[in-house]
Amino acid sequence: MMVLQAVLVSLFIYLGAIGSIVGNTIGWYCLGRPLIASFVTGLIMGDVTTAMAVGVPLQIAYLANVTPGGAVAWDLSYATYVGTFTAIALKGTVTSTEALIGLAFAGAGIGGVIGGTMWNVHYALDVVLNRWAGKIAQEGDTKKMWMPNVLGGQAIGFLCRFVPALIVLLGINAAGSATGGISIPAWLTTGLTAFGSMMAALGMGIILSFLVKKKVHWAIFMGGFVLATYFGLSAMAIAVVAIIVAAIVYTVMTKKESDGEVA
Amino acid sequence: MAEKQVSKKTLRKSFNNWFFWNGCSQQAESMLGMAFGQAMAPVIEELYETKEDRAAALQRHITLFNTESQVGSIVNGICIGMEEQLANGTGSAEMISETKVALIGPTSAIGDSLWVATIIPLLLTVCIAIASSLTSAPWVGAVVYMLVYPIGTYFLSWYLFKLGYKAGLEGISRFMASGKLDKLMNTATILGLIVVGGLTASFVTCTLNIDIKAMQQVFNSETGEYVQQLVSVFNLDNLLNSVFPKIVPLGLTLVVYRLYAKKHWSPIAIMGLILVLAAALTAIGYIPNVGAFA
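Protein chains in written order, with our numbering: chain A, 1 to 263; chain B, 1 to 294.
Don't read these hints as lab results, they were simulated from the structure. Predicted, not measured: the structure shown is a model, and the values here were computed from it. There are no misleading hints in this set.
Calculated cross-link-like contacts (lysine to any residue; reagent style SDA-like; alpha-carbon spacing at most 20 Å):
| hint | chain 1 | residue 1 | chain 2 | residue 2 |
| --- | --- | --- | --- | --- |
| 1 | B | Lys166 | B | Gln85 |
| 2 | B | Lys162 | B | Gly152 |
| 3 | B | Lys51 | A | Gly140 |
| 4 | A | Lys213 | A | Gly223 |
| 5 | A | Lys255 | B | Ser178 |
| 6 | B | Lys162 | B | Gln5 |
| 7 | B | Lys246 | A | Tyr230 |
| 8 | B | Lys4 | B | Glu52 |
| 9 | B | Lys13 | A | Leu151 |
| 10 | A | Lys214 | B | Gly179 |
| 11 | A | Lys213 | B | Leu181 |
| 12 | A | Lys143 | B | Asp53 |
| 13 | B | Lys180 | B | Asp112 |
| 14 | A | Lys91 | A | Thr179 |
| 15 | A | Lys215 | B | Val255 |
| 16 | B | Lys4 | B | Lys166 |
Just chain B, with the same shape it has in the complex (with noise of 0.2 Å):
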C-alpha cells in the first residue's frame, strides 16, 4: 500500500480555510473549534476513505482550541503532519488531542505578545508618521498599512503553517530554543519605544490652564499714558514647559501606564478618568482671573 500524503492543493485549502475563516462562529463552548474542524476538513476527506474514520477525525478536531490565529496557523500545520502519520498507521488519536490542547497556551502567548501587541502597533506607529509628516496626503499611510499588513501576515502565516507540518513538533521546538525570536523580539521593542517617545511627545497634549491675571499699571507706549489693565503674572503651563517641555503630557501617559499597567484599570475606565480630568481643566481654564480662558 503506498504512502497516504496530503497533496499541495489540499494544503493550500486547508490553510485558506483557517486564514480566512478562523473567527467565524467564534463563541465560549469550542472557541476556534469549528473553524478547526473547517480547516482540517479537506485533509480528512483525503486522508480517509470511510465514513467512520472520517467521522472520528471531524470528531476530534470540533472540540476546544484557541489561538492567536494567524501565528497559531503553526498548530494546524503540526495536527495535519499527525493526522497524516496517523493514516499511514503511526501515533495515535490522543496524541493529536493532546498536542492541540498542549499548544493553545504557547501559541496564543507568542501570537498576542510579538504579532498583535508588538508588530500591529510597531506598523501602525510608522504609518502614523507617513500620515502625520504627509500633511497634505495623509491618506497613504493608511494605503501603506492596508498593503503591507494583510500581504505580509498572509505569507508568514502560510509559512508557519508549512513549518509546522514539515517540521513537527520537535522541529518547532528546537526553533523556539535557539533564541532567534528573543533577539527579534529586542529590536522591535527598541524601535517601537523610539517611536512611542516621539509620538508621545508629538500628540499628546494636556494643559492645566491656570494663568492667574492681576490689575497692573501698563506703560501704553501710544498714548504715553499708564492704564489700569489685566496682565498675567503666573502661567503654570509656560512655567513647566521651560522646566522641561511637555512635561504634562509625559506626566499623564506615566499616570495611564501606571493605572493599566500596575493598578490593571481597564482602559474603558481611564477613558472615563480622562474625560473627567478634561472637564475639570476645562471648567479651571473659565475660572475669573485664575483660567487660561477667562
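Isolated chain A (complex conformation) (with noise of 0.2 Å):
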C-alpha cells in the first residue's frame, strides 16, 4: 500500500513539474503548488488533516516561489511533495503540530535540492532533441512536429522526475517505519517548530519585493499587519478589507483620469 502511495505521489511530482505533459497552467502553477500539492498529498496517503496543516505554512513560506524566466534553483513541486509526504510518513515521531510543520519543511528542503538538481539535467539532456525537430522542419513534416516537443521532451521529463522522486519517498518511508515508536528529542522538536514558524518571513519578504514600489507602499502593507495585530482580524477578513480598498483605490483613480480630460 504504501509503495502504491509513493508512486502516485511521485506521479504528482512529475506533473507538478515545470513543463510536465499536462502544462505549465495545470502542473507547474498548480499542481505544483504547495498548497495543491499537500491536498493532493493528503488525498493518496488518506490522512488531508495533516497535510493541510503543514501545506498552509508550506505555501507561505514558498509563495513568493514563482521562478520567473525558468530559473530553478530549488524545485517547489518536488520541495512540497516531498515535504508533505514527509510529515505524514514521519508523524508518528513527534507531538505537536509545529513540530511536524518542521518536519515538513526538512523534507522540503532535501526535495527541493534534488529537484532543482534533476530539473538542470533535464535541461540540459533536452538540447538533443533539437537536432531531430531540425530534421522534421526540413523534411517540412507538419505532422510530426509534435514529436520531439511532447514525446521526446517527456520521455526525458518523466525519467528526470518520476524516478528519482521514487526513490526519494520510498527511502522516507522506510525512515519512517524505522523510526516507529521513537520520538525526536524535546531540543530538536523545539528547533524544528522554531525553524517551522520563521520561515513565513521567507515567503513574506521576497513577495514585498515584488509588490513594494513606492514608500507609501509600506504604510499600506502596515496597515494589513496591524488590522491582524491590532484589531485581531483573522487573515479571510483581511482579504475581504483590502478587495474593498482596491476597488475604491481603482474606482477614484478612474475618476481622477476623467476628470482630466474634461479640464
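Take each chain as given, in its own frame, and dock them per the hints.
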C-alpha cells in the first residue's frame, strides 16, 4: 500500500514539475503549488488533516517561489510533495503540529535540492531534441512536429522526475518505519518548530520585493499588519477589507483620469 | 485566387498545442522553440501547400523563442496573423522572425511581473486565507485555487491569443499605451500589500527566547510562608510585544526583504540563514537561567 502511495505521489511530482505533459498552467502553477500539492498528497495518503496543517505554512514560506524566467534552483513541486509526504510518514515521531511543520520543511529542503538538480539534468538533455526537430522541419513534415517536443521532451522529463522522486519517497518511508515508536528529542522538536515558523518570513519578505514600488506601499503593508495585531482580524477578514480598499482606489484612479480629460 | 484564411478549428488546435505543451522540451539552445514550432504546425499545414514552403515556415518557427507562456500566447496570435498575410503575398519571412524575437523581452516582462509575480501569489494568499479561516475544512482553499486558476488562465490566454491574431502588432501597442494595464497592476498591488501585511502578522513567528530568571523570595499563600523560587525577572519577547505586537516577526520579514531585494541573496541562502538563526535562538532558549525553555 505504501509503495503504491509513493508511486502516486511521485507521479504528481512529475505532473507538478515545470514543463510536464499537462502544461505549466495545470502543472507547475497549480499542481506544483504547495497548497495544492499538500492537498493531493493528503488525499493519496488518506490524511488530509495533517497534509493541510503543513500545506498552509509551506505555501506561505514558498509564496514568492514563482521562478520568473524559468531559472530553477529550487524545485517547488519536489519540495512540497516530499515535504508533506515526510510529515505524514514520520507523524509518529513528534507530538505537536508545529514540530510536524518543521519536519515538512526539512523534507522540503531535501526534495527541493534534488528536484533542482534533476531540472538542470532535464534542461541539458533536452538540447539533443533540437536535431530531431530540425530534421522534421527540413522535411516540412507538419504532422510529426509534436514528436520531439512532446514525446522526446516528456520521455526525458518523466525519467528525470518520477524515478528520483520514487527513490526519495521510498527512502523516507523506510525511515518512517525504522523510527516507528521512537520520538524525536524535545530540543530538536523545539528547533524544528522555530525553523518552520520563521520560514514564513521567507515568503513574505520576497513577495514584498515584488510588490513594494513606492514608499507609501510600506504604509499600506503596515495597515494589513496592524489589522491582524491590533484589531485581531482573521486572514479572510483582512482579504475582504483589502478587496474593498482596492475597489475604492481603482474607482478613484479612474475618476481622476476622466476628470482630467474634461479639464 | 481566394484569400487564404486560418480556420477557427486550426486556431484552437494551435492554441491548445501551445497552452498545454509550451514547456515540454525547454532547453538552453532554442528555449521554447520546438514547442512554438509544434503550435505553428497546424497553421502552416493549412496555409502552405508545397513541401518547400512548409519546410521554410517550420524552420523559422523552431528557432530560439522564449516568453512567459501564459501571457505570451499573444505572440502566437500575432505570428499566425503575419503568416496568413505572408501566404497571401504581403509581408516577409524576415519580418515574422524579427517580430518574434522583438516580442520575447516585453511579453516575458509583462507575464512575469503581472501574471506570475502578482496574480498567482495574490490568488494563493486569498486561498491561504480561506484555508486558515475554515479550520474544519482547510482543503476548500486548495480546491478553489485548483478550479479558479487553470480555468481563468485558459480563458485569458485564449483571449490574448485571439487578440494577437486579430489586432496584430499595432493593435497590441495601442492597448499597451492606453495605461489600462498600469491601473490594474496598481490596484492588484494594493490588494496584495494589505493581505501580505495580514499574513505576515498571522503566520511569521519568531521569538528571541531570552527570559532571565533569578532566585527571589516568593510568598506562598497556601502555606503562608516565604519560599526561595526561580522567577522570571526579564522576558525580552514579552517586553518587545508590549511595545509593538509581533515586532520581531516583522523585523525578520524586513531583513529577508532587504537581503533579497537590496543585497541580492538567493532564496536558498536566505533559507540557510533562517536555519542558522533558528538553531541559535533555540540554543539561547536552553541556557540555564537565561533561556525561555530552561
